[in-house]
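Undergrad: Residue strings, one per chain:
2 protein chains.
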Amino acid sequence: MIYPVILCGGSGTRLWPRSRKTLPKPFLPLVGEQTLFEQTLARCADPALFAAPIVVTGAAHLEHVEAQSAGHAGTAIIVEPEAKNTAPAIALAAMRLPADAVMLVCPSDHYIADVAAFRKAAVTAAELAAKDFMVSFGITPTAPETGFGYIKRGEALGPGFAVERFVEKPDLARAVQFLADGSYSWNGGIFAFRAGALVAELQAHRPAMAKSVAEAVERGTQEDHLFHPDGDAFAAIKGDSIDYAVMENTSSAAMVPVAMGWSDIGNWHALRDAREADVSGNNVRGNAELVDCSGVLVESDGPRVSAIGLSDIAIVVDGDEVLVTSMLGTQKVGKLGGASNQ
Amino acid sequence: MIYPVILCGGSGTRLWPRSRKTLPKPFLPLVGEQTLFEQTLARCADPALFAAPIVVTGAAHLEHVEAQSAGHAGTAIIVEPEAKNTAPAIALAAMRLPADAVMLVCPSDHYIADVAAFRKAAVTAAELAAKDFMVSFGITPTAPETGFGYIKRGEALGPGFAVERFVEKPDLARAVQFLADGSYSWNGGIFAFRAGALVAELQAHRPAMAKSVAEAVERGTQEDHLFHPDGDAFAAIKGDSIDYAVMENTSSAAMVPVAMGWSDIGNWHALRDAREADVSGNNVRGNAELVDCSGVLVESDGPRVSAIGLSDIAIVVDGDEVLVTSMLGTQKVGKLGGASNQ
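So the protein lines, in turn, are chains A and B. Offset between the first sequence (1-based) and the numbering used here: plus 10. Offset between the second sequence (1-based) and the numbering used here: plus 10.
Excised from the complex, chain A in its bound form:
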């Protein structure tokens, strides 16, 4: 049995103005009818493989988490007193689970087209995790992306591989080289750990963090399906990512390669590519008329959008905000005044 641990935070400024502080990316139906969070829950809802999920989130998102997880009986929610990056969030879940439970850590704001491939990789990753490997999903890269970290695989471990090394976001030349090399995968932020093994690694590499998380759990309070870690203990933590805190320090890193139509939906460009397009490569949600357009994404919550003669442009209308950006420009959306001063 695999315990899904779903991390549900983030402000999602890069998909502004659709994604807003009050209703960020995980809770929006960006691809398909369901929200990304609902899809994440659904992927882990096979009772033959998965236990009921544990969601780690903040008070700001609790209402959305509860509403959208209502259909998944037994969902446990850990309400982080504040955001401290991924390592403490994952450690909270690990310390709430039996030491022998195998947990599968999943971001709640990614899109995965091929659920069967995801589940197959989850089973493989769980096998390795049961042997105390710290396991990353290694997403088979489909483009020389410079926005992701990479994982270089090492020797085969039967199922999966050892990790030779983790690589920070490369420049384009290196990304092209990684793609050609064939032994590099994207680090998609999906991990499998035995709970006790993860806690032990954290104690070894981030002892202060491990101690504070343990205290926060020990002094925490349960309220129905909600667990509230102690705020004072949690406040003492120096936030860090699981990559820096554990994955790059452990001697037991493993990876499971997987091609599953994954996208982090990291910006409007990625969203356009994840959605189904018409013959001209356009994708429209809402009322729109497109003339002589190709590769255009239109997303409108009401007003009609009329577009003429555009290529590779995203047009997003949401409330009192209108965003028009080249696909290349989508990387800068988070720095717009509207996105950063919500």
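Honestly, I wouldn't trust all of these hints.
If chains are identical, the list can't say which one is meant, so a pair holds when it fits in one copy or spans any two.
Unchecked claim - The list that follows gives simulated cross-link-like pairs (lysine to aspartate or glutamate, DMTMM-like), each with its CA atoms no further than 25 angstroms apart:
(1) LYS342 - ASP322
(2) LYS345 - ASP311
(3) LYS31 - GLU92
(4) LYS345 - ASP288
(5) LYS345 - ASP234
(6) LYS345 - ASP302
(7) LYS162 - ASP191
(8) LYS31 - GLU299
(9) LYS345 - ASP322
(10) LYS345 - GLU299
(11) LYS221 - ASP110
(12) LYS345 - GLU178
(13) LYS179 - ASP142
(14) LYS179 - GLU76
(15) LYS130 - GLU165
(16) LYS141 - ASP253
Calculated from the structure, these hints are not laboratory results.
On the provided structure of chain A, position chain B as indicated by the hints.
TA: Just chain B, lined up with the frame of chain A:
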């Protein structure tokens, strides 16, 4: 004394969605603070040169005409029973004026940057019109436009020139040739006529139209400053432009060359070029943030527009409509569903 005759009709679909059936182009402050109609009135408001204006319009626009001409004492308004193109509209005014009055026919939806040059040309045109020439303003062309008719000048007439011929909208190759030739001007739809001479020419070339307009005037009714031509008589008219009905048939065509920063504001591209731009060639009206943009026009009646990485694109937000078009695409705006089904 010159009698301004201001033609105020048209639906203005090419500047949709800002220009709408209920509030079309002449009545919008598209360049500067005043509307194009107000600017047209103001250009002809010098009492040393001009008599009070006659505005020819339809019932649909009467409210806007009255509101925006309120500051011009003595304005007479002829309310056309229906639109019959420019020849009948101009003939209505001519038949309401003394035969010796020199009229200056002005569209109400063009922009003219250099008012002094306009007035100087008006005086020259009036001199020729007083000698019974049918006079066109010949706008000095600044680009090989294919959307305008051209006037080829002939022999000098002292002030102004004879017209060698009128040329229909050319293709690009011919337009380039015209520009290089130097003897071609744009036909901007601004004309000077002695009222009696215009009526005589119309009687010669469009006798049925002349007769119907005369009847419509004879049986018309005056109501304060409004004159209502008789609807039945006017309905019998086969509509035609002044160019086809008179200018291309008369043996007395003359032209006055003028460079006056003229634009017909025929589409969003023309409007962008008529407005003052910032150092990147962008022009913004309304709440907007532009990043890595050049040659971008933004016009918003409320929502904030955020734009990234765009070149030569117009973004127009008006009520429940959002238009995003390449500058080349602005020619197709009038054919959009939104523009044609208002």
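Undergrad: Hint by hint, which ones does the structure fall short of?
TA: Numbers 5, 13 and 14 - these are the hints that the structure violates, sorted from lowest upward.
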